[in-house]
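Colleague: Numbering (UniProt numbering), first residue to last: 1 to 1182.
If you're looking for bench data, these hints aren't it; they were derived computationally from the structure.
Predicted, not measured: the structure shown is a model, and the values here were computed from it.
Don't be surprised by glycine CBs; every beta carbon is placed ideally from N, CA and C.
Among these hints, one or two may not hold up.
[Unchecked claim] Within a straight-line C-alpha distance of at most 25 Å, the following computed PhoX-like cross-link-like pairs (lysine-lysine) qualify: (1) K241 <-> K533; (2) K691 <-> K767; (3) K241 <-> K289; (4) K678 <-> K691; (5) K579 <-> K448; (6) K510 <-> K454.
[Claimed, not checked] Cβ pair distances, simulated, as ranges: (7) V1054 <-> D1031: 29 to 37 Å; (8) D1031 <-> G339: 36 to 44 Å; (9) E57 <-> M323: 50 to 58 Å; (10) S1065 <-> F1008: 34 to 42 Å; (11) D614 <-> E522: 20 to 28 Å; (12) L61 <-> P475: 44 to 52 Å; (13) Q585 <-> Y656: 32 to 40 Å; (14) G622 <-> C750: 19 to 27 Å; (15) L159 <-> Q96: 51 to 59 Å; (16) N751 <-> E522: 48 to 56 Å.
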Amino acid sequence: MAQGLEWHRRLAHLCLTDCSPCKSHSVVRRRRSAVYGMSMADDNGWPPLKALMTLMEERDLSLLEKLGNGRGVAGLASILGSDLTLGLPDPVPDLQKRMDIYGINQFAEKKLNSYWKYVWDALHDKLLLLLLIMATLELIFVMALGTDHERKEGWIEPLAIYVTVFIIVNVQSTLDYQRERMFDNLSKKLASSNERFVVRGGKDMKVTDEQIVVGDIMSFNSHMAANISCDGILISGEDVKADESALTGEPEPIPKSEEAPFMNSGTLVNAGQGKMLVIAVGEHSVAGKIRKQVYDEEGEESEGSPLFQKLDKMAMIIGYVGMVAAAICFTAKMIMAYGVNGENDWKKIKDYVLYAIGILAVAIPEGLPLALTISLAFSSNKLFKENNLVKTLDSCETMGSTTTICTDKTGTLTTNRMTVRGAYLAGHMFEVRGQDDPVGKRVKWDAKLGREVKELVGNLIGVCTMDESGFTMPPEGAAKQEPIFQGNPTECALLKFASDFDIDYSTVRKTTTGRSTETRHEGRPRNFSSSRKMMSWAVPQGSGYRIYAKGASEIILGRVVATLAEGSLKQVPVRDEDKVQITQQVIDPFANSAMRTIGLAYKDVDTLPGDELDEVVKNSDGTFAFCSETDLTLVGIVGIEDPLRLEVKGAIGMCYTAGIDVRMVTGDNLATAIAIAKEANILADEHFNGKVIKPGRAMEGKEFRHLVHEDNKEGEPQFSQQMFDKVWPYLRVLARSSPDDKLTLARGLCNSRLYTNREFCDHLWQKEKIRIFPDQQVVAMTGDGTNDAPALKAASVGFAMGISGTQIAKDAANIILLDDNFASIVTAAKWGRNVFDSIQKFLQFQLTVNIAILVINLIVAFDSGHEVPLNVLQMLWLNLIMDSLASIALASEPPSLDQLKRPPVNRSAFIITSQMWMNMWGQSVYQVIIILLMLYSPEWLPDIPDHNLDPDHPITGLKSRHYTMIFNTFVLMQLFNEWNSRKLKGEFNILSGITQNRLFLIVSISTFILQVIMTQFLGVVASNALKINKDGLTGEQWLVCLAFGWGTWVWQQVINVFSWAFLSSIERCCWRLLPRRKKVVPADVDEVIVSPAGPVQAWAEDGGNPTKRSSRVAPEASIPEHAGMPDGAASQDSRKAFQSAVRVVMVANEFKRNAANPRSSIRCESRENIHAFNNQARRRRF
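The task is simple: from the sequences and hints, build the whole structure.
Modeller: Written as structure tokens, this is what we have:
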């Protein structure tokens, strides 16, 4: 209670204190008075929530001092019950109370729509509204103006329409309701993957965002924990810079220090590391308040994927066709009834309107976007079970078109289980041995290596590693006694290595001045960066300072001037030839054994190092190095093994079978990268000349940058797509790469149009066996670092590592690999192709029904003697089957390995293939013929002996078994054809894989049962409305209906045989009928493969000369003077010249027309093709 009174007195003092006479500060004082005048919610003495929120908004250091009782952040932490070193207690005793007062570190969940909201939205469908209006008007007219007989039965049809609309609306609402909750679960899964580091009870621990509370001490750095998810005040930090552009718009990073300690949520740490005291979380943080305002006012909207938009557009086009057909049918019915037959009953107009609406309901494929949504949601949930967390649903679809995967090595191709296998310390070599002989133990017991060297190595590793890196041993009795790594895997391997010769890293960190939390301000760390490829940490040593450094072996070796020798601390100068010897005898053997090599070094200086730059030594990105990281003394080099994942080689083989190219992009040196790539089958025998790798197949980032950039007018390097296109077809491995190299590779591949240069692509295939995909490249890029985020954004699909990836990388990615495994990328590609296939299956089914029903109605509309075979309610039932139930059945088809045995889908390719057109038209023809035969010649049907055109006739009228058989047969043909639609390539076995999709079987059986109920039982209560016989069908009639339905399976085999025999010929005929473009040779076709048969001259249809001289024609060749003379030799030369010209023009135009499909281009070397060219040329009047 005394604490609470003291806090109130402090607040009163704060309210009365005048900061400044200026007007703005007066406003601030008034605002503070309003905030601090509030009563306390508890007696813990904690500051009010609004006080902490105001502190972060104003960023006022004087306010921080007063809130901390004159002790600043330390005092504020104490008041909040925390400690700057130990953090909150573990477990936190008042955790729930903190959450109640200060909130939780998550945003209020967006309120999900209720089921009735979806019902209300579904009722806004224009077609359904028209049906409801027509049914209501009919009911009013019948009850108000109808006869007694009409009143007795007239309500049945409107009621049936109401029931049908009720079913359609609820099915659609149920699907939308479940879909939204599916997406909500996906978002929660994504949120649970965001982990932070906090100190509780003096121990570093991982927590999720929502577990962070006010008073926590949170660690951050620019590598593993760069995303700030709450507001806080900096406690300690080294070279901390934060990107606050998301809040302030300021593009430059803002340095953080004691003078500027405020860390805001929504910002990114792009340099340094540190700790902060959490003082505002969730909706009470600065970014949280902004987000809450935006979401409260606007909500979230998302655009559909490219395929969704394509399908939406297709649905609109099909809908227009349906509208035209419905209009024609309505007009025809009106003319035939009132113009030809002289009908006087104007009430039938209502029937014709309902009839047209029914056609529209069937013709407009609302199920297309629904099918895509179901397929994407279904795939994303299945992918989560296979370690792919999909953030954007359209990335599922895009993965189906992926042509190139640019993958990291560490953790993706390898297990990310780092182990030090070899070491070179103080001139003493520890060779690589078996797994049961760890090098750390050999270092421990080696008498030639002095204890002082071992302590130096242990201290260097303990100091020069990040706080987040560490390991713990499992409890005794656990199944696996392997250490549990936390943080950077490479650093964890080094820490375990030091532990093996009895150097405890946690003791080193706590006892080393300048490294411990209490004395860190006395040291100077420089975190690892991709530009420097090293890390250093300066700590006090005697009267001066010692700088520990570790990094890439060649970087460290290039900066040393001395080395330890003879297993002691004795330093000897290092010459260039010594560096070459160390490279050849230590680094290269380690690297050739697929190990990462890390250099260890130190340097003693007199004063704490600053930011002075060396005038000679440069970093890998060309910037000048810090003086403190040059003139080092080499302690040693260690080789760290990261074994290849067992499943990677097979997964890469599957990629090649699927037409997906795989390139490795890594920060390791070239020798290590080549060794791993060869083991993983990224580099195969054809990429080597003996044991020497072919030029261009593997290179370092420095060489890559030189090859793809050219100097502009100002002399600055500028990316050149043309130069890039000469490099990337050969490139398999990019080593010592920077994040900018990744970005360049992603953008260059996505923007490449190399496939249009057919001649160069043919040359690559013939000479190098390199195949270029005949369409725009679709690139999947993996990344784990903060600096990888731009490349992940630039790629078609970005994959972030769920275990080793930084938060920024995860935020930028489309898919998160929860197991960091390359095989999971292949799984995503398989499911992506399955999405495309599922949509094609549904589209094939949907359009078959549309074609059949439109053709049938168009034919019957012009026949005044027969009523339409399907009424409005029956067509609405068909619409329910197609748009809802079929979309569930066909969109949930599981993938198969066969989908990875074909090339990727061209993004520009039309979604309907030739085989699909054949299937749709073939099945439509069958269905139309069967229905018309049943309608116009019913005598051969069982129990239908005569043919009477009276609509009320009990045998052949609208409510007779005749029309009931027609309706039942048409529905059963759709149900059986739904099974045919599962196959897209003309497969003969339509039942293959059917047992793998239980949902398809359930939907099919359920639909059949509903059809039986409708046919046999609903006619009793709604015979007039449904136009179904009240007694249903006989068993014999059911057998006929089932036989016609099953006949679609048999007919599909006929279609398949016909397609196998004639489809290619039909395609060629259709291609010839298409209008031709003007025959102009593309400017980039400079070398057409033809024989030098004389001068070349050909004229286009407009009289111009479109040809370019072939490279095989002599440069001095020209049109001879006798070219037009009747002399035999001259005429022969002229004919040869004319033939050559025709061939040049024809090949060039084939290149231009078939740029996106190189397999269809005609080769010009064969005599048969030359003859074909000449025939085509004659027809085109060349």
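Colleague: Quick one: which hint numbers does this structure break? Sort them smallest to largest.
Modeller: none
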